[in-house]
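Visitor: Chain order of the listed sequences is A and B.
In the working numbering, each residue carries its 1-based index in the first sequence increased by 963.
In the working numbering, each residue carries its 1-based index in the second sequence increased by 6.
These are calculated hints, taken from the structure and not from any lab test.
Please read all numbers here as calculations on a predicted model, not as lab measurements.
Some hints could be false.
Heads up, incomplete: computed chain A residues facing chain B, CB under 7 angstroms, no partners named [claimed, not checked]:
| hint | residue |
| --- | --- |
| 1 | I1189 |
| 2 | G1193 |
| 3 | G1201 |
| 4 | A1203 |
| 5 | T1207 |
| 6 | G1246 |
Calculated from the model, a selection of chain B residues having no Cβ within reach of chain A, i.e. all distances over 10 angstroms [to be verified]:
| hint | residue |
| --- | --- |
| 7 | L9 |
| 8 | L87 |
| 9 | Q90 |
| 10 | T91 |
| 11 | V93 |
| 12 | Q112 |
| 13 | Q162 |
| 14 | G228 |
| 15 | G388 |
| 16 | H485 |
| 17 | G495 |
| 18 | D509 |
| 19 | R537 |
| 20 | R581 |
| 21 | K670 |
C-beta atoms are modelled at their ideal positions from N, C-alpha and C, and glycine is treated no differently.
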Amino acid sequence: MSERSTRLRTSGPKRVSIATVNMLAALGIVTAIVLDLVAGRHPIELPGLLAALAGERVPGVSFILWEDRLPQAAVGVLAGAAFGASGAIFQRMLRNPLASPDVIGVGYGASAAAVTGMLLFGAQGIGLSLIACAGALAVALFIYAMADAGKHTGPRLILAGIAVAALLQALIQYLLTRADVRTAGDALRWLTGSLSASTWERAGLLAAALAILLPLLVPAAAKLRILELGDDSAAGLGLAVRPTRLGLILLGVGLTAVATAVTGPLAFVSFLAGPLALRLCGGRSNLGSAALIGALLVVAANFIASNIMPTVELPVGVVTGALGAPFLIWVLVRTNKEGT
Amino acid sequence: MALLEAQDLTLAYDAVSIVDELSLQLPAGEVTIIVGANGCGKSTLLRGLARLLKPAGGKVLLDGQDIHTRPAREVAKLLGLLPQTPVAPDGITVRELVGRGRYPHQGWFKRWNTEDEAAVERAMKLTGTTDLAERPVDELSGGQRQRVWIAMALAQETELLLLDEPTTYLDVAHQLEVLDVISELNRTRGTTVVIVLHDLNLAARYADHLVALKQGKIVAAGHPAAVVTEDMVKNVFGMPCRVIPDPVAGTPLVLPIGRHRVLRAESVLAAKGIYRTKPPEVEPESSIGAPSPVTVESSIPASTQESTQASTAPEPAAGGAAAQEPAVDSTDGQAEATPLRRAEEISEMLAFATRVVDVASVGENFKRITFAGPDLVHFGAGPAPLDLRIKLMIPPAPVHGAALLENATGPELPQEFASLRPGAWLAEDQAAGWYRRWLALPVEQRGSMRTYTVRALRPAGHRDNRGDDPEIDVDFVLHLRTEGGRLTGGPATVWAAQAQLGDDLLILGPNSALCDETYGGIEFRPGSAKRILLAGDETAAPAICSILESLPAGITGHALIEVPTTDDIQGSSTRSGVSVQWLPRGSHPHGEMLAAAVRATVAIPAAGAVVTGAEPEDVDVDETILWETATASTQPFFAWLAGEAGMIKEMRRYLVRDAGMDRKQVAFMGYWRRGKAEG
Ligand SMILES: Cc1cc2nc3c(=O)[nH]c(=O)nc-3n(C[C@H](O)[C@H](O)[C@H](O)COP(=O)(O)OP(=O)(O)OC[C@H]3O[C@@H](n4cnc5c(N)ncnc54)[C@H](O)[C@@H]3O)c2cc1C
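Just chain B, same shape as in the assembly (with noise of 0.2 angstroms):
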């Protein structure tokens, strides 16, 4: 079996070296397959496999000889190639054409003979060209075509044979044919097969042995289930991806991330009736039968059934409802003093018990909770989510050394919050000032409160649904740390990652019955403009992938999304022009990046800016949190800007200062201030 090695192999073209002191063997018998991006020098190296360069330095052996001091004809008796762009002769009929095939076995005194006829035939045997043989070459469609390329070249009857970009300018399942053909012919005929493919997943597929090259030099070689990992795409291609096994074949299969994907909005898809995660476990009846998020039955406690027919009627409640025995759920002692409503009828804000019903992983550094629970047919501010902003209301950490099993869901929420629950009885003068009130409370048995994003806000009887109830996503960012062995973060962050399902959590949000999309937690307020600017740190990700889903076609501009690593890229999904840009942080400081990025897109002056040379004046992020945001403007612009306040505080000084944009134009959020706890 003729052996091809190349031994410190150099290969240039006018002085540039493409190739760069290259060492390697082809593994006798089996299939390699060189891979690499664009330029990264696989063809030339072919070419110098297959002599077709002389070597800059080092050389290519051939059975132990240098390829090039053995005569051209001897080496291809041994060594077939099949080039890039090979040329077919007018008017040549398919037997012609791989009877071609067969010159190095002749000479001046060796004519054609039996032999040369009956390798031409196994040859279109072998490549499924048989049935093509007089017909001329140039009638066939692409993938027959190459088929008689390969069939030419085995009818050189080589040991070793050489395929430089085989599939080109075909379309898949011709790609998949030749690819077949090569690998038939590896195991029927032993034959040593390379070749140069630029399709990295067919590569994995159909290789024995895989080589990536980057800039001349090679970067990993061996068994593609070995080669091909995530860190290597990215190194030789530049592109970030994931790597999964491949579900046909078994080998590694690469699923490219790229920075710009616009996806359909699942808003859209769900009208086609596409949902985009597995169907529940459920059984059919109820989520198809079950009705609109407001109207429910029987999942609803007793206890809130009652209230949630009453808040679908404007007027207050009948006479039925006050039969109802109020103290069951407050326990106020100033019940008496006003008259007490249901709390979905006057207070705009309620509080929601709800249930973990499901805990994924959405990224390194993300983790994806699911709420449930039947208070949440309650929840809503209009159709669209947008950044939509709820309160969590973390329960106090277990006192130290107390077991934490035993105690999964920790304390009783705080008495305040029961009557803010739907359905419960609430004194109106009692629907504001909770806050006040929650923060009289011990700091041990208050908890802490956190501000986060609803990613996801499914009614129930959503094909999506895991039960009955409705739904709500929240993504958390895991800013942790581990130290001493334990978890060390914000409280929030530490809840979510011990997170299971079955934990109990308050959260505060809208009442759907009163607030619209106008409520005070969003503050994603475009107004009238037509072009807008979405830039956030993986805090705002979530309300930013929120905010692409609802828009509307016919709005442009940019999303910039600073994350912390390649893996933290999320699919966003939006029907409106706005391209999308991840910007994975890697080594670099917060917000470097997404500043700079905000510095691409937006000039100075900014298109539509108002007012040049405004300074804003100076928040001390330190002491107050930067919280700035806009009412309804008529202009074409709009921006929308979130993350670590201290970073948000400097794009603010470039858009308000250096760009010159109005301030109704922009909403400033600082969601986070490096070094402070919330609150």
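Isolated chain A, as found in the complex (with noise of 0.2 angstroms):
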């Protein structure tokens, strides 16, 4: 190896490895719950916790950990892990960062079913939840026939996403100007996207479709790897590009849409937790982390929203609402800026 190579390899970026990288993340995750467990509105003393975690009933604790405290947590971590992997399929599959299901669209597919579903017809719980699912879905699947014309499916895909979003929010509006005023402070609750719903029986319709769809992003990020090279590069190693770029699309709204389901959509938890990943990672891309960052931004952001104001718990959906307004900003002024 000559003496010019080995000084580049040196000289280049320092690279943190992804693995190190979903460790801290990992750990981040926990920090943040047991700080809101220890230091948030309510501290439970510490003796107390590690008994009531040791299945020991503690009265006053006992109650609030496993009935309130950790579904919430359970559901964040799952939730955001949804979210932030969904955000970077999409993401990387479109190669633009804001091709994130809540911004084409996607989320606001669910949202719309969903409050269609609760003023028009009361729908609650895992009514609700279906509901959701099935609009995010058919959403989707209008917005990718739309643009599905054999060339320029990606920009394509954007561009009609963001239109469609633009007519379900004004869908959304109509109908909460329609309903009378504590349904439809109901339904703004739940279009905020918040926690404060979880129980045990969410977390674990959660967390059995995401054993379902979580495992399958293995194979989902091996395709990635290939489709990102380009359309033309990917079929020419053998890639069967339309089914692929299907396929991944009806991954990434699953993961949306069961999330969207349980919390409501948080907001810019998809869009902020790719390219958050893709920084701390050095620039490569990974949907591993980009599930854990997802999470790690839940479980942060609950904490913040619970504890920044004395008096009023925030929702959750408010405080990453109020992280990624300004991201959107710069990446719409930096891509700007680029000309592409």
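Put the two chains together into one complex, using the hints given.
Guide: This is the structure we're talking about:
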């Protein structure tokens, strides 16, 4: 090996291995949860906490821990991971940070369906979740059908998605103005996205869905690695481009849909997790890291949401929204500058 | 060895077929290059061959089996593809990217192994990218990046490799670098390579098998030496060109001709010491040492040397000159009646004895003859040759049956002209009237006088000269037919067609001591015009080229030259902003394209039109030749039209009557008349 190349190798940007990033993210998740438990709004004394965790009945602690905090944390982690992975799939497949499902209308599909279900049919609980899932899927397939013309599917998908998103937002606004104040309030809360309604039952449902979907990330990642070389290159390498893309879309939508069904749309988690993971991994994209970062985002946002205001607990969606909006602006400004 | 072929392949986008029932076999183990104009379907064909496009008809066979019925991964193990615009994911390193080429060889249970690792190393080694292995792809130069992409396709380890325009966006050095890598791959691994390329010369150099495509169909296929011809390039690219052997590779080299060419004027180049022709094979001293054209020494024969010195002095010859025996050159009986003077002192027009020193073909229908001789020291009309008109005294054709060879130079030139040569003694009252005297001679004796243009005048000592004397180039249009095995045409044409080195010719032209650019033989008089139009047929081409060369910067306009074939298009150079358009006539009637081009160039009413609707008097071009020249005008626009008289008449009618141009702005000259000999 020549001297030049060795020098280049050592002087190149320092790269943290993906495993390290994932370890740190996992550590961060645990830290955020524990912090919330011991230093949050209703702090639990450490001995009591440990005893309760060990299964002892500690009055005033066990119930809060097992029926409120832990299901909340579990839903947060699971939904965050689902949002994060889903966003990264879309962003990498379409090679555009704007392409996350919450920006291109898939999230709005779930919201619109859920709001319709709540306001018109009084849907609740599991029923509501299923309606939200169906809405997300229907909208995703609609956008895909609009965009898939054989050529330039990626950019067309984003444009079609943004258009559909705007349409759905108008629909949601319309439905809200028609509804009576109390149900509209419920719907609005759902639309903001929160973990407060988390129960073990919901966490279990989410976990069951993710037990099927998350393992699919392994083959998905392998195909994404090829698809991101461009459609022609991918086809040249023997990848069936269209079925693969459709499969990835379904996987991404599935992840977003099940998570949205449980927590409501947690604004910008999908949008933020992928690019953040990319940064942390030194420019290499990894679906696993994106999922972990998504989970970390949600639990961290939840900690902030419940503790930042002395009097009220904010829905977690408000915090993720507040984090995501500036980033969206930054992405838009940057792409504008690059002229691409 | 995997074999790829297309059978009646039709490829279409949105029902528009781009490739049309095309059949093609790609020779195994060879480099096939597909060329064609933009939009001819070459990239589409490649996409079809790489199964990126489903055929609308016919099929692509890989080893005899329809490529679309075979599993994609299996095909990908046999056939690799480098598309036109592959995308490198952000931050990916060279090694990672090359590794992705192993995808078809991996599977659910077959993960990355040492074989994959070895394939990646081999691919990087062959493409010279091993040293770049750990660098991010987006930091590389264009050429390096393209080599990395090729390495990725190589890591696929296929027997067939298809590449779509692998050299676009690369500079020349990198284009060669990439093609070298590909041809090395072909030679070392025996990989069958198919490349779509837009550079015809590189294609001719690197292809074993060249396929030329036009409108989705194969126009020619085979070895480049057989396929790349001037006709093929014209047909496929719509571009007239010359094809010569590539001095580097021996493969065909295409030199485009184009229609608008603006080169540097000869004089500008000469001032910088750049010469277009090879230096003549003369001793360097003589060419460097030779001074300006007027002061000439040893090469002039004794009889004219004395007179040369006399001509530099404006005063009448000193006593010494008179001591010479006047009767040596002048046998005129009236010599005693009027005082004799040196011809160059009193006659604007002189007769120059010259000899053919070079003969060259400058187009299918053009022959350039170079005349030289010591007399030419006195030839010229100021600094700018422009459309400098001369008369060639074509000797009478040898009497029927007379041996041509013994008497190649023809009979002696008529005595009438002996006294008009520089240095000869001439009676003042004899200086004019020579034409009438010549006409009075019997036809068999006087020969024919024909008008031509000086294409170039090189004073003695010019680096391009063959000898020590000044030289004149004349471009002859050879309008010849063969009748009964004999060449037939006008006398000047037949003479030019048969001219050989050493032939003598008498030329009548301006005396440099007495003529400047207002000399009657120069009709290009733009006055203060800043915009000009030059239009003419092939007989006017020498004049137009010569005018272009002497035009200063700051003049704009158009030069339109109609010539018989694309092969007659010549290098024209100018410092001015005049755009030059050559119109190869092909099978169109004479003058049709030129008239159309003039109409397209000069709108109605023309900018700067003065009179509108004036009907020019009708000239019967069969009776008198149409000739109207302008005196210096102050108009901003000047037109100069020359060529066949009937054609000129029509253009004149358009410019004067329809476009409303002032006659003062326009020079019209019938250079020849259809069906009529000159004179
Ligand atoms: C000022 C001036 C400058 C000229 N400069 C040049 C020049 O630089 N180069 C040049 O080649 N010509 C030039 N010409 C035109 C040339 O003088 C004529 O083409 C001339 O007729 C040729 O003489 P010839 O002996 O070959 O034919 P002629 O004996 O004059 O004519 C014989 C027959 O040939 C026909 N004919 C003549 N010329 C052509 C032609 N070009 N194409 C087809 N048929 C023809 C005639 O109509 C006639 O039927 C110039 C003419 C003028 C007036």
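Visitor: Once the closest CB in chain A is found, is it more than 10 angstroms from G495/B?
Guide: For G495/B, whose nearest Cβ neighbour in chain A is about 61 angstroms away, the distance exceeds 10 angstroms, so it holds.
Visitor: Hint check: is the beta carbon of T1207/A less than 7 angstroms from a beta carbon of chain B?
Guide: violated, 10 angstroms
Visitor: Could you let me know if the closest chain A CB is still more than 10 angstroms away from the CB of R581/B?
Guide: Non-interface label stands for R581/B: nearest chain A Cβ at 40 angstroms, farther than 10 angstroms.
Visitor: Any Cβ of chain A at or closer than 10 angstroms to V93/B, or is the non-interface label fine?
Guide: Violated: least Cβ distance 4 angstroms, not greater than 10 angstroms.
Visitor: Taking 10 angstroms as the cut and beta carbons as the points, is T91/B off the interface with chain A?
Guide: T91/B not clear of chain A: closest Cβ-Cβ about 7 angstroms, inside 10 angstroms.
Visitor: Holds or violated: is there a CB of chain B closer than 7 angstroms to the CB of A1203/A?
Guide: Given a least distance of 5 angstroms, the restraint on A1203/A holds.
Visitor: Closest CB-CB distance from G228/B to chain A, is it above 10 angstroms?
Guide: holds, 28 angstroms
Visitor: With 10 angstroms as the threshold, tell me whether L9/B passes as away from chain A on beta-carbon distances.
Guide: Answer for L9/B: holds, closest chain A Cβ roughly 18 angstroms.
Visitor: Does G388/B really sit off the interface, with its C-beta more than 10 angstroms from all C-beta atoms of chain A?
Guide: holds, 58 angstroms
Visitor: Just want to verify: L87/B was marked as not at the interface with chain A; is every Cβ pair farther apart than 10 angstroms?
Guide: violated, 3 angstroms
Visitor: When you look at the beta carbon of K670/B, is every beta carbon of chain A farther off than 10 angstroms?
Guide: Given that every Cβ of chain A is farther than 10 angstroms from that of K670/B, nearest at about 55 angstroms, it holds.
Visitor: Checking the smallest CB distance to chain A, is Q112/B really beyond 10 angstroms?
Guide: violated, 8 angstroms
Of the numbered hints stated above, those contradicted by the structure are hints 5, 8, 9, 10, 11, 12 and 13, listed in ascending order.
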